[in-house]
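Trainee: Here the protein sequences come in this chain order: X and L.
When we follow this note's numbering, the leftmost residue of the first sequence carries the number 1, and every step to the right adds one.
When we follow this note's numbering, the leftmost residue of the second sequence carries the number 1, and every step to the right adds one.
If you're looking for bench data, these hints aren't it; they were derived computationally from the structure.
For clarity, every value in this text was computed on a predicted model and none was experimentally measured.
Do not rely on the hints blindly, as some may be mistaken.
[Stated by the list, open to error] The list that follows gives simulated cross-link-like pairs (lysine-lysine, DSBU-like), each with its CA atoms no further than 35 Å apart:
id: 1; chain 1: X; residue 1: K125; chain 2: X; residue 2: K9
id: 2; chain 1: X; residue 1: K6; chain 2: L; residue 2: K113
id: 3; chain 1: X; residue 1: K13; chain 2: L; residue 2: K114
id: 4; chain 1: L; residue 1: K178; chain 2: L; residue 2: K10
id: 5; chain 1: X; residue 1: K6; chain 2: L; residue 2: K53
id: 6; chain 1: L; residue 1: K113; chain 2: X; residue 2: K9
id: 7; chain 1: X; residue 1: K13; chain 2: L; residue 2: K32
id: 8; chain 1: X; residue 1: K125; chain 2: X; residue 2: K23
id: 9; chain 1: X; residue 1: K6; chain 2: X; residue 2: K23
id: 10; chain 1: X; residue 1: K221; chain 2: L; residue 2: K178
id: 11; chain 1: L; residue 1: K78; chain 2: L; residue 2: K176
id: 12; chain 1: X; residue 1: K9; chain 2: L; residue 2: K10
id: 13; chain 1: L; residue 1: K3; chain 2: X; residue 2: K247
id: 14; chain 1: L; residue 1: K113; chain 2: X; residue 2: K13
id: 15; chain 1: L; residue 1: K3; chain 2: L; residue 2: K18
id: 16; chain 1: L; residue 1: K18; chain 2: X; residue 2: K86
id: 17; chain 1: X; residue 1: K221; chain 2: L; residue 2: K176
id: 18; chain 1: L; residue 1: K178; chain 2: L; residue 2: K53
id: 19; chain 1: X; residue 1: K78; chain 2: X; residue 2: K13
id: 20; chain 1: L; residue 1: K100; chain 2: X; residue 2: K9
id: 21; chain 1: L; residue 1: K18; chain 2: X; residue 2: K6
id: 22; chain 1: X; residue 1: K78; chain 2: X; residue 2: K114
id: 23; chain 1: X; residue 1: K23; chain 2: L; residue 2: K113
id: 24; chain 1: X; residue 1: K247; chain 2: X; residue 2: K221
id: 25; chain 1: L; residue 1: K176; chain 2: L; residue 2: K3
id: 26; chain 1: X; residue 1: K125; chain 2: L; residue 2: K78
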Amino acid sequence: MLANLKILKHQGKQYIPDITTVKVPGIFRGRPVISTVVVDERAPVDLCPTNAITANPVCIDLGKCTFCGECAHVFPEKVTFTTDYKIATNQRQNLVVQEGDTALIELNAALIKKEIQQYFSGSLKLRQICAGGDNSCELELNACSNVNFDMGRFGIDFVASPRHADGIVITGPITQNMAGPLQTCYDAVPEPKIIILAGTDAISGGIFEGSPAINRSFLSKYTIDLYVPGNPIRPLTFINGVLELIKKRK
Amino acid sequence: MAKGLIRAGKTNFPFTEKLSSELTQMLDEFEKDFEEIANELFTLPSVLARFEKTGVVTNAVATSIGTVGMAARMCGIKRDIRSTHPHDLYTGLQHEPVIKQSGDVNARARLRKKEINQSIGYIRQIIQVLPEHESDLSEMAAPSRNSFTISLVEGWRGEICNCAITDAMGELMLYKIKDPSFHNWLAVAMAVRNNEISDFPITNKSFDLSYCGHDL
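Starting from the given sequences, assemble the full structure and let the hints guide the process.
Mentor: Dropping the structure here:
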């Protein structure tokens, strides 16, 4: 018993006290800032492996960006990635960062469905669907519930059945093989329900965009309630995005 | 996860002396915590009662279904790419696989513990001498025509196999990745046979397989 108490004391508190303000250590590429410095506009566009950069004005679409940082490496005076991890939003065009733009990426309160706050602000159970993901976003979603991030303290949890869920979290570019099961799973979730896209692959198809092996027709049928960009996503991005979604007041 | 830190043929984020000392400090802190909790786990009678003889896969069954990684090494199969096909830094490590015999949850748990200790040792050894970062790499050459390439890496679940086939123009015709879970899910199915339903979660998690790499 004394030995156990010693272990408890030694292991200490491992959770992050304030998940909304914590600073990210180490190399992290969050919200990019594009300066108004003039460069050859085609060069960054041609450089980007997933066509996330467009010219005139120079923009980076975080829904397509794989956060490889190549543009910031080649054009350090033009593109810098900040450590701001709050990059989730409920409006697709908010993910496009334009040159000279230093505004934070936020949710559009007017677009949040009324029932989300009414029913889910204190408890949100989610079903994760891996639709051809590579296990990176899935591992990070797992990490959201670990002792450090402890998403459960806000009443947000992953559940093992769509019947127990209030919404789905999709990862991966949605392969042909998973298009059917994805629909089945969504249909099995009782109303009202939400859809969250986690990761670049889910938001735009990522490096698989345009591949015949994917089938993204499901997404055109429904309103997406939250886009969580990242490759893979960061637990802090996911948790803060979901908190904003369920707590934000109009 | 560090997926975004690498590009084909290069990385823009070198492993520096500073990172090396941070990593050493992290390992020092982690190792103490880990040993403490692992020791508590493996001495608790209630844990051992759940672990021992639960979810057994015998050597004969594992051999016939071709399990890989820890799901092979837990029952006496010496299968480890790091020792049979050492590549890059592994060539200097003379890796000796950890092998257990009982094929139960206990064997898989203890195997993990030993492999974590082994990995910490390897990391400490490797970061003694940091290679110079080559920042000015030339572009990779185009793939050869009509070629078939296969690569094997020992991931933490077992061997990850990448296959690429190019056509007459040197363009990629097919790229197939085979995850270790592809072999090992059948082992989970075999392990839960004749076990109580309450032992399913512990058996399933003792393999800790990926849903992504299987049939999606």
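Trainee: With reference to the structure, classify each hint as holding or not holding.
Mentor: Status of the hints after comparison with the structure:
Our distance criterion of 35 Å between C-alpha atoms is met by K125 of chain X and K9 of chain X, whose separation comes to about 32 Å. The straight-line distance between the Cα atoms of K6 of chain X and K113 of chain L is roughly 22 Å, inside the 35 Å bound, and the hint therefore holds. A distance of roughly 26 Å separates the Cα atoms of K13 of chain X and K114 of chain L; the hinted pair therefore holds under the 35 Å criterion. About 23 Å separates the Cα atoms of K178 of chain L and K10 of chain L, which keeps this hinted pair within 35 Å; it holds.
Restraint check: the Cα-Cα separation between K6 of chain X and K53 of chain L comes to about 31 Å, which is no more than 35 Å; the hinted pair holds. Pair hint K113 of chain L plus K9 of chain X holds up; C-alpha atoms about 23 Å apart against a cutoff of 35 Å. For the hint pairing K13 of chain X with K32 of chain L, the CA-to-CA distance comes to about 15 Å; that is within 35 Å, so the pair holds. In summary, the hint linking K125 of chain X to K23 of chain X is supported, as the alpha carbons are separated by about 27 Å, within the 35 Å threshold.
With a CA separation close to 30 Å, the supplied pair K6 of chain X and K23 of chain X stays within the 35 Å bound. Pair hint K221 of chain X plus K178 of chain L holds up; C-alpha atoms about 33 Å apart against a cutoff of 35 Å. As the CA atoms of K78 of chain L and K176 of chain L are separated by approximately 26 Å, the hinted pair is consistent with the 35 Å bound. For the hint pairing K9 of chain X with K10 of chain L, the CA-to-CA distance comes to about 44 Å; that exceeds 35 Å, so the pair is violated.
Straight-line distance between C-alpha atoms of K3 of chain L and K247 of chain X comes to about 31 Å, which keeps the hinted pair within the 35 Å bound. As the CA atoms of K113 of chain L and K13 of chain X are separated by approximately 23 Å, the hinted pair is consistent with the 35 Å bound. For a cut-off of 35 Å, the pair hint linking K3 of chain L to K18 of chain L stands: about 21 Å separates their Cα positions. With a C-alpha separation of about 27 Å, the suggested pair K18 of chain L and K86 of chain X falls inside the 35 Å cut-off, and the hint holds.
Taking the CA atoms of K221 of chain X and K176 of chain L, the gap is about 31 Å. The hint holds against a cut of 35 Å. This hinted pair checks out: K178 of chain L and K53 of chain L have alpha carbons roughly 30 Å apart, not beyond 35 Å. For the proposed pair K78 of chain X and K13 of chain X, the alpha carbon gap of about 41 Å is over 35 Å, so the pair is violated. Using a Cα cut-off of 35 Å, the hinted pair K100 of chain L and K9 of chain X holds, with the two alpha carbons roughly 33 Å apart.
Pair hint K18 of chain L plus K6 of chain X holds up; C-alpha atoms about 33 Å apart against a cutoff of 35 Å. Proximity of K78 of chain X to K114 of chain X is assessed by CA-CA distance (about 40 Å); at most 35 Å being required, the pair is judged violated. Of the supplied pair hints, the one linking K23 of chain X and K113 of chain L holds, its CA atoms being roughly 31 Å apart against a limit of 35 Å. Restraint check for K247 of chain X and K221 of chain X: satisfied, since their Cα atoms lie roughly 26 Å apart, inside the 35 Å limit.
At roughly 19 Å between alpha-carbon atoms, K176 of chain L and K3 of chain L fall within 35 Å of each other, so this suggested pair holds. Of the pairs offered as hints, the one joining K125 of chain X and K78 of chain L is violated, with about 43 Å between alpha carbons and a cut-off of 35 Å exceeded.
Hint compliance for this structure: hints 12, 19, 22 and 26 are broken, all remaining hints hold.
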